[in-house]
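The listed protein sequences correspond, in order, to chains P and W.
For the first sequence, the residue numbers in full-length UniProt numbering are 1 to 454.
For the second sequence, the residue numbers in full-length UniProt numbering are 1 to 454.
Note that these hints are calculated values from the structure, not bench results.
Check before you lean on any hint, since a few could be wrong.
[What the hints assert, rightly or not] Below are the DSBU-like pairs computed for lysine-lysine, each with C-alpha atoms no more than 30 Å apart in a straight line:
no. : chain 1 : residue 1 : chain 2 : residue 2
1   : P       : 155       : W       : 155
2   : W       : 92        : W       : 439
3   : P       : 439       : W       : 439
Note that the structure is a prediction, hence the values are computed from the model and not measured.
2 protein chains.
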Amino acid sequence: MSDLTDRLAEGLPPGALAVDPDVTAAYRHDMADFCPAGTPAVVVFPETVEQVRHVMRTATALRVPVVPQGARTGLSGAANAVDGCIVLSMVKMNRILELDPVNRIAVVEPGVVNADLSRAAAASGLAYPPDPSSWESCTIGGNIGTGAGGLCCVKYGVTSEYVLGLDVVLADGRLLSTGRRTAKGVAGYDLTRLLVGSEGTLGVVVRAVLALRPAPAPRLALAAEFPSAATAGAAVCEVMARGFTPSLMELMDAVSVRAVNDLGRMGLPESTQALLLVAFDGPDRVAELDAVGELCRAAGATEVVPAGTRAESELLLEARRQALPALDRLGTTMIDDVAVPCSRLAEMLDGVAAIAERHALTIGVVSHAGDGNTHPIVIFDAADAEQSARAQRSFDEIMALGLELGGTITGEHGVGLLKREWLARELGPVAMDLQRQLKAVFDPLGILNPGKAI
Amino acid sequence: MSDLTDRLAEGLPPGALAVDPDVTAAYRHDMADFCPAGTPAVVVFPETVEQVRHVMRTATALRVPVVPQGARTGLSGAANAVDGCIVLSMVKMNRILELDPVNRIAVVEPGVVNADLSRAAAASGLAYPPDPSSWESCTIGGNIGTGAGGLCCVKYGVTSEYVLGLDVVLADGRLLSTGRRTAKGVAGYDLTRLLVGSEGTLGVVVRAVLALRPAPAPRLALAAEFPSAATAGAAVCEVMARGFTPSLMELMDAVSVRAVNDLGRMGLPESTQALLLVAFDGPDRVAELDAVGELCRAAGATEVVPAGTRAESELLLEARRQALPALDRLGTTMIDDVAVPCSRLAEMLDGVAAIAERHALTIGVVSHAGDGNTHPIVIFDAADAEQSARAQRSFDEIMALGLELGGTITGEHGVGLLKREWLARELGPVAMDLQRQLKAVFDPLGILNPGKAI
Chain P
1 MSDLTDRLAE GLPPGALAVD PDVTAAYRHD MADFCPAGTP AVVVFPETVE QVRHVMRTAT
61 ALRVPVVPQG ARTGLSGAAN AVDGCIVLSM VKMNRILELD PVNRIAVVEP GVVNADLSRA
121 AAASGLAYPP DPSSWESCTI GGNIGTGAGG LCCVKYGVTS EYVLGLDVVL ADGRLLSTGR
181 RTAKGVAGYD LTRLLVGSEG TLGVVVRAVL ALRPAPAPRL ALAAEFPSAA TAGAAVCEVM
241 ARGFTPSLME LMDAVSVRAV NDLGRMGLPE STQALLLVAF DGPDRVAELD AVGELCRAAG
301 ATEVVPAGTR AESELLLEAR RQALPALDRL GTTMIDDVAV PCSRLAEMLD GVAAIAERHA
361 LTIGVVSHAG DGNTHPIVIF DAADAEQSAR AQRSFDEIMA LGLELGGTIT GEHGVGLLKR
421 EWLARELGPV AMDLQRQLKA VFDPLGILNP GKAI
Chain W
1 MSDLTDRLAE GLPPGALAVD PDVTAAYRHD MADFCPAGTP AVVVFPETVE QVRHVMRTAT
61 ALRVPVVPQG ARTGLSGAAN AVDGCIVLSM VKMNRILELD PVNRIAVVEP GVVNADLSRA
121 AAASGLAYPP DPSSWESCTI GGNIGTGAGG LCCVKYGVTS EYVLGLDVVL ADGRLLSTGR
181 RTAKGVAGYD LTRLLVGSEG TLGVVVRAVL ALRPAPAPRL ALAAEFPSAA TAGAAVCEVM
241 ARGFTPSLME LMDAVSVRAV NDLGRMGLPE STQALLLVAF DGPDRVAELD AVGELCRAAG
301 ATEVVPAGTR AESELLLEAR RQALPALDRL GTTMIDDVAV PCSRLAEMLD GVAAIAERHA
361 LTIGVVSHAG DGNTHPIVIF DAADAEQSAR AQRSFDEIMA LGLELGGTIT GEHGVGLLKR
421 EWLARELGPV AMDLQRQLKA VFDPLGILNP GKAI
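Using the sequences plus the hints, can you model the full thing?
Below is the structure:
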């Protein structure tokens, strides 16, 4: 064993440390394709805050980089190893420490799986809204690191709205407590929200106080078929402008609809250019769904299918859930994550279609339409270098288009390695300068997840 | 004119600069009593971003402190002048630049009065929820600086949930743009939320992108009279535990109820120990109000008065609006702002009553009960030094009690000068160290609102 593993082992229980290359290789990267991934020197699985502090103290003493990881379901390479690093896998710190229905909070360790927290909350009549696609496997620590979103955000917002306080181990092993357990609090600068979305570059989350909400009613959904992105986009704008607050509003383009059909089970209309899925979960959901159905027809929908029951609703939404797996079957995929103002959604979709045509590539787009958050999925043959290069160019052009439309290069997936070069284009030199200085305050040696985001 | 005013005048229009001591004296402090206030060298009223940048460049060049101000309705001394400073009054930058119902955002200058934005939003079927008591006069810039709350927060949250992006002039005059115009975005560290609640110590907000919500239905309220803080607190816990989301849930103690009666008009029950006001503004509000009325009776309410109409509701809520003016008539007041977990509210109220008794003082308490955010108002005779000292001790003991109950020293008023010594007690040395370093990143010369908060 090396000096590093010897020193780490001093403060860790047996089995908390893996150096076998066959094991460590499994922890090299998250789910983003085409991001470089190094080889870790060691993977550590701490079970206590004190063990995490020991790891960080050791890393600081030896100047070894540390890459924190959750379930590695991320899509930006933010959890990718660098050569010789300590991978700090938080998956064994997976206890729900408190679940308090009066104060509507949960206190959790970072390795708790999103779905486990959601189910535990539901058992108490509560909900933890953030629901990334990977919710059955992704961890709360990873959600906090990326500032994860999901389908719920049009009504319920993103992870950062639900993080009240954090315990964080700093690069030098000090333990920082931020925020509060109360609904409100303005004592000092908001370090909590500075840490949410920081991709493990400022500290290692070891405990989180999360806000919960009362469980909503079962949602009721409709599907509406549109002849163009423009008509679908107009319907989305109308829904927002008329003051509706759906609990979900997803838009699938023709490519993703056809891909789902090809998967074999859905029987979606082949002729549609855009399929809009809208759900409500409030007390007026039946009336709201009716009204939105009418509004879709008025905006040009060729067909509107409202669900009469909860089961029918979930069946309609299954189309959306199948979109990513269906597109994945068509080739290698690069998933983009560009959010634009809702009113520019149609322009974004038409722009992506033009980029696909220009580069002779298939690009499917699923969107959290109510947030203007599009996920263009560029499909290509990774064995074909020339096609891969075109895919990369399309991916970049999609980000450029998003910025041009007043949007952001990342709505919810984060910067990681994938969009690092684009961050400066969005933020500009003044913000970049401050961000770099903030990083240096938390991590003066630059050992925490080096090379990511900033 | 001094070198300072000469240099300032070079980049400002005539009339944008006041040095007359009679004028500048009016800008010495906000509405917090008992906080030291210095004498500004000059008060500047910029009208453009470029003028603000000129002021900050000049301040940096001459190493002169700058104190940003809005309407000076703050309650923590955060806007108080320091001797020889430039007061930077943002009240003339008061334009609503955009109000966009599709994307549900407003873009505003910092001097826009909260009520003006609320009314403009309402005219478009939208709402800007944060509603501090001073909403008719306080500015959005001040709301952002303090992280202001209000009565709405139990359902709608605080200012920081509504700030999507900021333009900020830094201490050295550079212009920083943070955040986004989109519903979601995770590009880089969340500088926007770091700035919200930073009390003008990190930069000067010159423009804000704010999220709006669809306008709610007119609220329907009830009043419930309780024989003790414990029974009222139990009712509050039940409301939360059963998953209700009132749009307002306020609790007045016996002292504040009697003070409102003494003001002459309300005719509230003199015997009550706690008056709970609950309102709903959702589609189920009639049924919800009924259910909460029942629940209050079951928890021990001696009387429950539901409003049948919107007008009756506003009449009931008038009691709450009169509480602060009514208490102000009884003597000099120090308004505290301690938030505790909802479940500890009754303990907090009983604890405050015990502190009042121990110090032989009158302390009235109004609370945003759904948030656990209490405002104990210590009443005393400022001409009596011994009584003033007891008042100060009570004020401190109230904060200590809040921390003991798992709360925070400030739910929504901020730290300013008033609670500066207490901040370190809440945050601890690690967080304080980081906060000081963050301050130094933004303001290395320490010229921005020196001596406040951190």
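Hints, verified against the model:
1. Taking the CA atoms of residue 155 of chain P and residue 155 of chain W, the gap is near 13 Å; set against the 30 Å cutoff, the hint holds.
2. Between residue 92 of chain W and residue 439 of chain W the CA atoms are separated by roughly 27 Å; this keeps the pair inside 30 Å, and the hint holds.
3. Straight-line distance between C-alpha atoms of residue 439 of chain P and residue 439 of chain W comes to about 14 Å, which keeps the hinted pair within the 30 Å bound.
Taken one by one, the earlier hints all hold for this structure without exception.
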